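Participant: So you can see what is in the structure, the chains are spelled out below.
Protein chains: 2
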Amino acid sequence: MNPDIMKERQTATFDVERLTNILDGGPEKTKRRREIESLVLSDPDFQDEDPNFLSRSERYDQAVKKSAQMILKIREHGISDPEEIYCYKNMFRGNHQEAMGLHYAMFIPTLYNLCDPQQSRKWLPLAKSYEIVGTYAQTEMGHGTHLRGLETTATYDPATQEFVLNTPTISSIKWWPGGLGKTSNHAMVLAQLYTQGNCHGLHAFITPIRDLITHLPLPGIVVGDIGPKFGFSEVDNGYLKLDNVRIPRENMLMKYAKVEPDGTYVKPPSDKLTYGTMVFIRSIIVGHSAEALAKSCTIAIRYSAVRHQSEIRLGEPEPQILDYQTQQHKLFPLLATTYAFNFIAQYMNHTYKCINQDINNGDFSQLPELHALSAGLKAFTSWAANTGIEVCRMACGGHGYSCSSALPGIYVEFTPSCTYEGENTVMMLQTARYLVKSYRQAKAGQQLSGMVSYLNEAEHRVQPQPVAARPTVVNINDLASLVQVYKLRAAMLVELAAKSIQQELQRRRSQEDAWNHSAIDLVRASDAHCHYVVVKVFTDKLGEISDTAIHSVMSTLALLYALHGIAENSGDFLQAGLLSGPQVLQISVRIKELLSLLRPNAVALVDAFDFHDKKLNSILGRYDGNVYEHMFEWARQSPLNTTEVHESFYKYLKPLRSQL
Amino acid sequence: MNPDIMKERQTATFDVERLTNILDGGPEKTKRRREIESLVLSDPDFQDEDPNFLSRSERYDQAVKKSAQMILKIREHGISDPEEIYCYKNMFRGNHQEAMGLHYAMFIPTLYNLCDPQQSRKWLPLAKSYEIVGTYAQTEMGHGTHLRGLETTATYDPATQEFVLNTPTISSIKWWPGGLGKTSNHAMVLAQLYTQGNCHGLHAFITPIRDLITHLPLPGIVVGDIGPKFGFSEVDNGYLKLDNVRIPRENMLMKYAKVEPDGTYVKPPSDKLTYGTMVFIRSIIVGHSAEALAKSCTIAIRYSAVRHQSEIRLGEPEPQILDYQTQQHKLFPLLATTYAFNFIAQYMNHTYKCINQDINNGDFSQLPELHALSAGLKAFTSWAANTGIEVCRMACGGHGYSCSSALPGIYVEFTPSCTYEGENTVMMLQTARYLVKSYRQAKAGQQLSGMVSYLNEAEHRVQPQPVAARPTVVNINDLASLVQVYKLRAAMLVELAAKSIQQELQRRRSQEDAWNHSAIDLVRASDAHCHYVVVKVFTDKLGEISDTAIHSVMSTLALLYALHGIAENSGDFLQAGLLSGPQVLQISVRIKELLSLLRPNAVALVDAFDFHDKKLNSILGRYDGNVYEHMFEWARQSPLNTTEVHESFYKYLKPLRSQL
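So the protein sequences, as listed, match chains A and B. Position 293 of the first sequence, counted from 1, bears residue number 315 in our numbering, the numbering being contiguous throughout. Position 537 of the second sequence, counted from 1, bears residue number 559 in our numbering, the numbering being contiguous throughout.
No lab work stands behind these hints, which were simulated from the structure alone. Keep in mind that this is a model prediction, so the values were computed, not measured. One or more hints might be untrue.
Unchecked claim - Facing chain B, a subset of chain A residues (Cβ under 8 Å, in silico):
id: 1; residue: 77
id: 2; residue: 168
id: 3; residue: 193
id: 4; residue: 425
id: 5; residue: 603
Claimed, not checked - Simulated crosslink set (DSSO-like; lysine-lysine; CA at most 27 Å straight-line):
id: 6; chain 1: B; residue 1: 521; chain 2: B; residue 2: 352
id: 7; chain 1: A; residue 1: 95; chain 2: B; residue 2: 150
id: 8; chain 1: B; residue 1: 614; chain 2: A; residue 2: 150
id: 9; chain 1: B; residue 1: 150; chain 2: A; residue 2: 676
id: 10; chain 1: A; residue 1: 676; chain 2: B; residue 2: 521
id: 11; chain 1: A; residue 1: 150; chain 2: B; residue 2: 673
id: 12; chain 1: B; residue 1: 144; chain 2: A; residue 2: 95
id: 13; chain 1: B; residue 1: 614; chain 2: A; residue 2: 459
id: 14; chain 1: B; residue 1: 459; chain 2: A; residue 2: 352
id: 15; chain 1: B; residue 1: 352; chain 2: A; residue 2: 352
id: 16; chain 1: A; residue 1: 352; chain 2: B; residue 2: 521
id: 17; chain 1: A; residue 1: 673; chain 2: B; residue 2: 673
id: 18; chain 1: B; residue 1: 87; chain 2: B; residue 2: 111
id: 19; chain 1: A; residue 1: 676; chain 2: B; residue 2: 87
id: 20; chain 1: A; residue 1: 521; chain 2: B; residue 2: 29
id: 21; chain 1: B; residue 1: 352; chain 2: A; residue 2: 673
id: 22; chain 1: B; residue 1: 459; chain 2: A; residue 2: 459
id: 23; chain 1: B; residue 1: 29; chain 2: B; residue 2: 352
id: 24; chain 1: A; residue 1: 521; chain 2: B; residue 2: 352
id: 25; chain 1: A; residue 1: 111; chain 2: B; residue 2: 676
id: 26; chain 1: A; residue 1: 614; chain 2: B; residue 2: 459
id: 27; chain 1: A; residue 1: 614; chain 2: B; residue 2: 29
As the list claims (entries may be wrong) - Ranges of calculated distance between the beta carbons of each label pair, as one might list FRET restraints:
id: 28; chain 1: B; residue 1: 341; chain 2: A; residue 2: 131; range: 28 to 36 Å
id: 29; chain 1: B; residue 1: 673; chain 2: A; residue 2: 143; range: 30 to 38 Å
id: 30; chain 1: A; residue 1: 611; chain 2: B; residue 2: 455; range: 17 to 25 Å
id: 31; chain 1: A; residue 1: 65; chain 2: B; residue 2: 150; range: 50 to 58 Å
id: 32; chain 1: B; residue 1: 673; chain 2: A; residue 2: 170; range: 37 to 45 Å
id: 33; chain 1: A; residue 1: 659; chain 2: B; residue 2: 378; range: 44 to 52 Å
id: 34; chain 1: A; residue 1: 611; chain 2: B; residue 2: 564; range: 36 to 44 Å
id: 35; chain 1: B; residue 1: 564; chain 2: A; residue 2: 190; range: 45 to 53 Å
id: 36; chain 1: A; residue 1: 611; chain 2: B; residue 2: 142; range: 33 to 41 Å
id: 37; chain 1: B; residue 1: 378; chain 2: A; residue 2: 524; range: 54 to 62 Å
id: 38; chain 1: A; residue 1: 611; chain 2: B; residue 2: 386; range: 19 to 27 Å
id: 39; chain 1: A; residue 1: 524; chain 2: B; residue 2: 108; range: 48 to 56 Å
id: 40; chain 1: B; residue 1: 341; chain 2: A; residue 2: 571; range: 53 to 61 Å
Even for Gly, the Cβ is constructed at its ideal location relative to N, Cα and C.
Isolated chain A (complex conformation) (with noise of 0.2 Å):
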């Protein structure tokens, strides 16, 4: 163990085994899930050749291998609890994508919403026995997040009682799915389905690709890989071109939609069910985001331990980089930031399994709400992921570029959270549109619930004006006067929005141009609101924590994620008034004062979110700090070094001399 990293073990003032419990939701889970984690470390073909050094068709090759691997051992593990499987499967697979993700993720699930009994009779014992390997073929080269643009069509011919699919233009090219390329044999087709001559919108169609036993695409098909992107390079993210590809009628996914026989279409009842499975997906998606800032923090603040440079004192020795106040004002935040948003997944996480007991039961009241701030909190919380991943990165100087150091597989894997499942700025006009309705609502006289509820009490009270006029009576050291600086916040910003489409109709424009002239207002309101959302719920948690010792040092984390935010949109609070000049340079003060308060807990506290050093696969950010001996190590594996000479020298060099 490298002395640095052993000292700075030795100052924490507070049980890391405790706070790992309290992440995982319980000893009892910790223990579990370093069980599971167990059996992959101990099974030799988990010791698999750094993808970093391998091209892309090997990566790919590499993680179609482990896919059926994991496909067996779950089974003979006897493994069958979605989050234990999770939990394995995060393991097995490391930083890094699964070959047959959507699979799992979207072609099943779909299969199980929308067939009809006769169908899931017929569909799901072939899927769940890799007889068929599928994926979900929504977006189109010309078409993303917008489902009525979508141009590929099925049209019903009953004379044969088939679907005919076509991509009729090169936008309509089905474009994007994960596994569509190389490894599906069938693809969830969505298409606007024509039948008796009329447009009934997307629907899904089960669609054969390529043959079973020959795995070569069938006619009327092209597909293939959409070629290299920034990150999963191990995903055959493919395309799909459609010419006249006929499918039985049957296979037209039923439960709610139909089409009879002689091409009748029945309409589905109701639309609102798609909201439940939204919502679970951006839940996942907000841990997603903790678990690469939790990462990141790991590598760079262990790394920040054991690197020595420069000096603050002349002639002393190099200081470890984490004494110097820019490197913890970089990295000591962020893991506030990680601390927040494991608490905020948790939050939703319990919320939609509440909402869940709640529509099983036919009410469904509180399921608009979730459904909005769900979106919010998606771009809200992956956003400042992304951010915060590159932060660490260059936190780590020059070695923060090396693969070894895991952060760019990191960021590159993390970053298309910003885009899939709703681009991020979609979302959070997601949310403001929800904001404004409730606005309006507030407004009318009505009583608002759960988090907007703000909407009414505060709806009378803010108004952007000078500071002297009213009263400050925040305490900066308070979390529960914080969170009610930040709710004032949303509820100005909310309203400022509200206003902007107020003035933006008083001028004659549409709703529409109104509303997307106001956008830049609403997208503010909504990240307000989510930035409140997430303060308070962090807060809420602190009372949950009976340690003392946890509870001190939470409540640290809670005050700086508080404060730094401030400080970061300190313009805000001013606007509004909510703070005066002098309370937010005391906050810039304060903040120098948690850094150092935070300091000799700080790698206790990213011990706490305990990676394995199998599962960060970062040598930057080992457990024992022993970073150079195995960055040496790692290097002299690049497939550069296989040889001393590199052919380019006879080939290109060598002659070069005598052509001068």
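Using the hints provided, position chain B relative to the given structure of chain A.
Facilitator: Just chain B now, kept in the frame of chain A:
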């Protein structure tokens, strides 16, 4: 030509060619640049395989081949002016790196700067004929920016008149130098010089590392590639371990410092001479920031003009995504930033040339300010570009993740600028040191000159205080008035930082600790100072533009740059009482108007950067806007598509079925 993008070009209110001339520095320069670019374009050797489809070893191979080709072609074409050579290479190598980059950028310049006449006669011809290919080996595994911390030793042995070179610890292994791993046969090794029992600090030693004929590593040398990184895939950044490597006394560069045959050390006269080189390199990085942002904006804005998505008005066709206010708010401030950075790069280049003349006349007086400013501007522009590239990439939705967009490549090639040639936070603190020194001089009654002279005039004016107590005479539509508020903000933040140091000293901290405990404030002060300089230089530049149409659109961009900067940092301006809450509100309304005003010129403003399609190498950024057909064509070349069925199907997927 795509009809949408054609229409965009018709709405432009100015002559694109004239703006290109302004950016190039005159119509003659534009003409010559295009001549050089067309030499490359018409060259069949330029049509290489897309490196995105190659393995790392193949990319390295391609880069060495290109380097060798360029050497011959530049001689053939008789290009000798350094700027023209840069232009040729920039076109030939595309968005990628040169295999022998450090040979030109560091090895040969060091020979020029530090060889005595005899050494010059020996080494320069060898280096220029590529008998020897060199790199610059300074950074060690455990040591970066802080030169005193480097551990490599060169101990003089008078018995044999040789230096004995050693990397005595694992952390002293030379790490990162480009071209060190496989390409170079010599390294300029920076080592602590020991002679007659004393250490005399860092000196440069020409060290042979590979045999000139066989290219095999020499005895005592362990050299290789440090492995895959975030970007720079075609560069063999290397490691170098030295074990009692002996080199002749004459291999120490002896223009200034010397070691006599008997081991007597002769001190160099001064070390201020290196300032000039640093300023020059940093001004180049500022130019790179502008170029990387210009490429990213070109891609994102052209694509946003041809991409249609979602709906503003129900039932109408999907609008161009450039019509969304949120999209404009992401891209247009970055477009303004690109112009701002272009002009600041021009300014630095010009100032450097002027000051260089002064230096040749023995006048060093202006060098310290430029040196300090160049550090801050390097950090300020590279951070902004780093973030901005990613904003552009994510503004392109899913397709921004594809390597065909070029955006992932632009990011990973650019981001190291934040770390190399001086880590950005360290750079900001360097500027801060100058600012605090100047502040103290002003306080002591000294009259300052140059960009910091505001510390005289503003010294007594800036104090955080309630808005109501101060007159607010800012005209938010007048650039001169905005330059003034940026100046006062910088003055306030310099004063705050200086006062923080003062307070820490009063708490009996040492100077050094007081500095470290104020580092956050110091970085903020530097940032504000740089921001002021950029706004001022942009505003000054407007005075040089005589074309009315261009003057008008550039004024709009400058205003957007200034107001957006205020909106993003409104807390500072409110806190200092420089603006009132209602003014900040007016500014956000005004920004929205400016976005609409710029909308018709957006495509023309990126066209003016005049990137040839072959240089941009981005399918999303194509001049003709024909994005989708070319994306499909590109994807089909993906190496995963060379076979219809990937071997992993036979190896893993097919056997899996029988095992279940």
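Participant: Can you give the numbers of the hints that this structure goes against, from lowest to highest?
Facilitator: 6, 7, 8, 10, 12, 17, 20, 21, 22, 27, 36 and 38
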